[in-house]
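Required output: the full structure, derived from the provided sequences and hints.
2 protein chains.
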Amino acid sequence: TAKVSRISLSPPAVLAFGFLGLILLGTLLLLLPFATTAPITLLQALFTATSAVTVTGLVVVDTGSQFSQFGQMVIALLIQAGGLGFMTFAVVAAISLGAKIGLSQQKIAQEALGQTSLAQVTTIAKAVLLYALVIELIGVLLLTLTWWSELGFANALYHGFFYTISAFNNAGFALSSDSLMPYAGSIPVNLIITSLFVIGGIGFIVLIDVKKHQRWQLLSTNTKVILLATLLINLCAFSLIWLLEANNPATLQQLSIKDQVLAAWFQAVTPRTAGFNTLDYSSMTDASNILTLLLMFIGGGSLSTASGIKLGTFVILLMATYAFLRRRDEVTVFKRTVPTPLVLKALALALVSLIAIFISIFLLTITEQAPLLDVAFEVVSALGTVGLSRGLTGELSTFGQLLIIVLMITGRLGPLTLAYFLATPKRKRIRYADTRIQVG
Amino acid sequence: TAKVSRISLSPPAVLAFGFLGLILLGTLLLLLPFATTAPITLLQALFTATSAVTVTGLVVVDTGSQFSQFGQMVIALLIQAGGLGFMTFAVVAAISLGAKIGLSQQKIAQEALGQTSLAQVTTIAKAVLLYALVIELIGVLLLTLTWWSELGFANALYHGFFYTISAFNNAGFALSSDSLMPYAGSIPVNLIITSLFVIGGIGFIVLIDVKKHQRWQLLSTNTKVILLATLLINLCAFSLIWLLEANNPATLQQLSIKDQVLAAWFQAVTPRTAGFNTLDYSSMTDASNILTLLLMFIGGGSLSTASGIKLGTFVILLMATYAFLRRRDEVTVFKRTVPTPLVLKALALALVSLIAIFISIFLLTITEQAPLLDVAFEVVSALGTVGLSRGLTGELSTFGQLLIIVLMITGRLGPLTLAYFLATPKRKRIRYADTRIQVG
Ligand SMILES: [K+]
Ligand SMILES: [K+]
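Chains as they are written, first to last, in the numbering used here: chain A, 12 to 451; chain B, 12 to 451.
Rather than coming from a laboratory, the hints here were simulated on the basis of the structure. For glycine and all other residues, C-beta sits at the position ideal for the given N, C-alpha and C. Any given hint could be a false lead.
Claimed, not checked - Derived Cβ-Cβ restraints for the label pairs, each shown as a range: (1) A/Ile268 to B/Ala444: 41 to 49 Å; (2) B/Leu54 to A/Arg226: 54 to 62 Å; (3) A/Pro199 to B/Gln380: 51 to 59 Å; (4) A/Asn259 to B/Met192: 34 to 42 Å; (5) B/Ile377 to A/Ser79: 42 to 50 Å; (6) B/Gly405 to A/Arg226: 56 to 64 Å; (7) B/Ser160 to A/Gln380: 39 to 47 Å; (8) A/Gln380 to B/Thr351: 38 to 46 Å; (9) A/Gln265 to B/Gly32: 49 to 57 Å; (10) B/Gln380 to A/Ile268: 26 to 34 Å; (11) B/Ala444 to A/Phe45: 53 to 61 Å; (12) A/Lys346 to B/Phe345: 39 to 47 Å; (13) A/Ser187 to B/Phe345: 28 to 36 Å; (14) B/Lys346 to A/Tyr333: 29 to 37 Å.
Written out as structure tokens, the structure is:
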């Protein structure tokens, strides 16, 4: 047995196998007769399980009507397992079993948590779970209270439980086919749900840093960057969407100012990468949809329940562009230098994401009959594990569904895997002589 | 006077002023009563002059019917001046006047020609003009012979002259409103026109290297890369477009195999960045249009009559992605290392281009009523100074036309200006301490 336990897989491989196992298990559970109200196909079950484990929220089958309460609970658990993260679970499981963390798990957690000290890993892994459960508990309480009078206690608790898990984990699964549109004007639902997914999407490292230091000056540069970027991007998106939709009769024009503010705020924050919606994206202006594409591409904080290229990557890209244009040799942020390898890492992540998006859009324009905007929206939504759609998901061909499944998994595992690869020591090779190639 | 001649402008500023002066001159000439068959507006004249000087080929006024022969000759001369390049002209003018090349012109030519030795500059500047004129002369001869029987000698010569200048300079201006569609099946027209714009778009440095060494082993890495990339990209695009359009009744399906090959070849090579077309892009499949977007984004060789981010930049991006994914610390091509600053330069060019494209698409979706594909096509076509359109150009709002004008100028001057900025010594600044920011 000593020999068996020595079989070493690279951390990304462990992560990938764990995810695929979870998806497979979910697929089988969702295929059980009592999981659905009417039989679903293998592809539909696979799509739903993948969407849940990768916390995407794209659906080919209506969660509220086609799944039984058992099926819905399976989905919620898949979301929770996928969202809090296979890595954190693996570390915590190793701790709770009292065993020493093996080197491979340490590496996962270390890379996962962006920490360089191995000693911090177990502390952080425990904190992750504690934070998540405390915040989720508060979410369930508040949502149950909100829905009690409307739905009765038991049903309010059930909804509160499902929506809390779906929101905190940035999964975007809803129990009604029109997502949260019925609650577009509800202040408590808007505030609770957006708070849950914004907190979930900021990332635990940032939350822990805020909890520990409490004062702005003491926060790490990373924390400051993520908090400020979150605030600025959300405010910009809010203003732009309000402006772009204010005269749109299909969305905001008929609403009161209060409802306009709520709806603009919700649609501004949900693309990174919560995936609920209180407006219909196919009714919104093209400009709002283009803006949403960018927000979905950016995503949330690293090591959060959100996906995308991540806020930190986006900030480095912006500051790098600024440095390029100002002819500065260093990319700086808050009077700190971003090392060149980190800049290259950010550029690599963005480049690989863009290549994946381009190839996927190209393939889907061959297999699907839909306008470019719908196709691009679906692809970026899947790769960012956002879950918003202009309505294409339900109409996808078999190839289209399989491609979206691959994109959801790539979107959830890819950036971390890529970050791991880019962080590990490079192979030594023959050093070739330099060459000049014409650029620009 | 000694004092006046000392006023020093940065090379990009000289370049920009020269281009803007040429555009202004062209606008005034095109507004002359005898330049047009029916009066045109100031905006239309400005748009046409900009499109000609930047060798783009997007038109808001039909070149063949709305301009007189004088107007058409003005356009041809603007194309020639813009295409062979303000910089080369400036250097050659300085040489022909017998004056010593001032340091600022040297810098322009040096950066323009990608050469490090100042001694080579005058040699190359002369070679540029000689090559261009010899190739154009051959083009005029061949096209005149081709069209003689159809149009009569005088008209064939006139057409041969106009189309040679337009093709060699990758301008894409045509004398009929449907571009070269009437000649979709003509072997000589297809071969002569595509040869002219492919040669013009490869870049003089490459042409000179090929002329000088003649054998593959002796060519510089840059030349090998550009030649091989040109061949591979053209063959891939040819196969894909043939495949994607073979069953499209609106394009290739009804044609003979010979005509299918000709049309697929023409549409494969024209997006980088010639701008003529023998098929209607709005009738082609969405997938072909998406592929064309990529080809337009890539563009031709550096210091050629083509634009775009340039072939060399694209190759470095591909090899960088490959190196990232293989966890290699060096970007290599043909067993040569691409220095990190050059990789960063390529990434910066691509990033800035993508940001410009995104913002432009966002703005146009607000001002124009058109599908995303048409808008994206127009923006990428303008920034790459390609000149292909799905029909939006003629329908653009005033804001839309002004934005496209800015994009055409940015597309022609931007990459070189940016390359200049990124190549010049950087300012020394305070070195800040390093910071870690979460990526991926
Ligand atoms: K989601
Ligand atoms: K062109």
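Original post:
Against which earlier hints does the structure fall short, listed by number upward?
Top reply: 3 and 13
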